[in-house]
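Counted the way mature numbering (1 follows the signal peptide of the UniProt record, and there is no 0) counts, the sequence shown spans residues -19 to -1, 1 to 86.
Keep in mind that a hint or two might mislead.
Computed Cβ-Cβ distance ranges for the label pairs, DEER-style [unchecked claim]: (1) Glu72 / Pro46: 27 to 33 Å; (2) Gly60 / Ser37: 18 to 24 Å; (3) Tyr82 / Gly24: 18 to 24 Å; (4) Glu61 / Glu3: 15 to 21 Å; (5) Thr73 / Asp31: 17 to 23 Å; (6) Ser19 / Pro62: 14 to 20 Å; (7) Pro62 / Thr17: 17 to 23 Å; (8) His38 / Ser4: 24 to 30 Å; (9) Pro71 / Asn39: 23 to 29 Å; (10) Asp31 / Gly84: 19 to 25 Å.
Pairs of lysine-lysine, DSBU-like flavour, derived with a Cα cap of 30 Å [to be verified]: (11) Lys25 / Lys40; (12) Lys41 / Lys9; (13) Lys9 / Lys25; (14) Lys41 / Lys25; (15) Lys9 / Lys40.
Since the hints were made in silico from the structure, they are not lab data. For clarity, every value in this text was computed on a predicted model and none was experimentally measured. By construction, the Cβ of each residue, glycine as well, lies at the ideal position given by its N, Cα and C atoms.
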Amino acid sequence: MRSAAVLLFLAGVLASTTGNEESCQVGKGQAYRGTTVSVTNTGKTCQRWDSQSPHSHNKKPDRYPSSGLEDNYCRNPDGEPGVWCYTTDPETRWELCDVPYCGKV
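Construct the entire structure; sequences and hints are all you get.
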């Protein structure tokens, strides 16, 4: 009976960590493609990836075509510790975003 519970738990963790790039991040979040988080941990609005204002940058969608740099959604095109974005606050260049990690409750 305990083995069955462990297997069900592991199946749930596996399901939440594979192919679920819409709701949570795995590892550093480089595969995260969610379309609901566009604010940072501190509540700052994310700058669009195709915009150079207020922060100019080289993380452009055409330079990182596999990174999902769409609209102003949080992403991790360069291996930071988690998903992040440039902010629309001229005083804060970028911040990490509050995207949950898969398999963590």
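Results of checking the hints against the structure:
no.	hint	result
1	Glu72 / Pro46: 27 to 33 Å	31 Å, holds
2	Gly60 / Ser37: 18 to 24 Å	21 Å, holds
3	Tyr82 / Gly24: 18 to 24 Å	20 Å, holds
4	Glu61 / Glu3: 15 to 21 Å	20 Å, holds
5	Thr73 / Asp31: 17 to 23 Å	19 Å, holds
6	Ser19 / Pro62: 14 to 20 Å	19 Å, holds
7	Pro62 / Thr17: 17 to 23 Å	21 Å, holds
8	His38 / Ser4: 24 to 30 Å	27 Å, holds
9	Pro71 / Asn39: 23 to 29 Å	19 Å, violated
10	Asp31 / Gly84: 19 to 25 Å	32 Å, violated
11	Lys25 / Lys40	19 Å, holds
12	Lys41 / Lys9	19 Å, holds
13	Lys9 / Lys25	20 Å, holds
14	Lys41 / Lys25	20 Å, holds
15	Lys9 / Lys40	17 Å, holds
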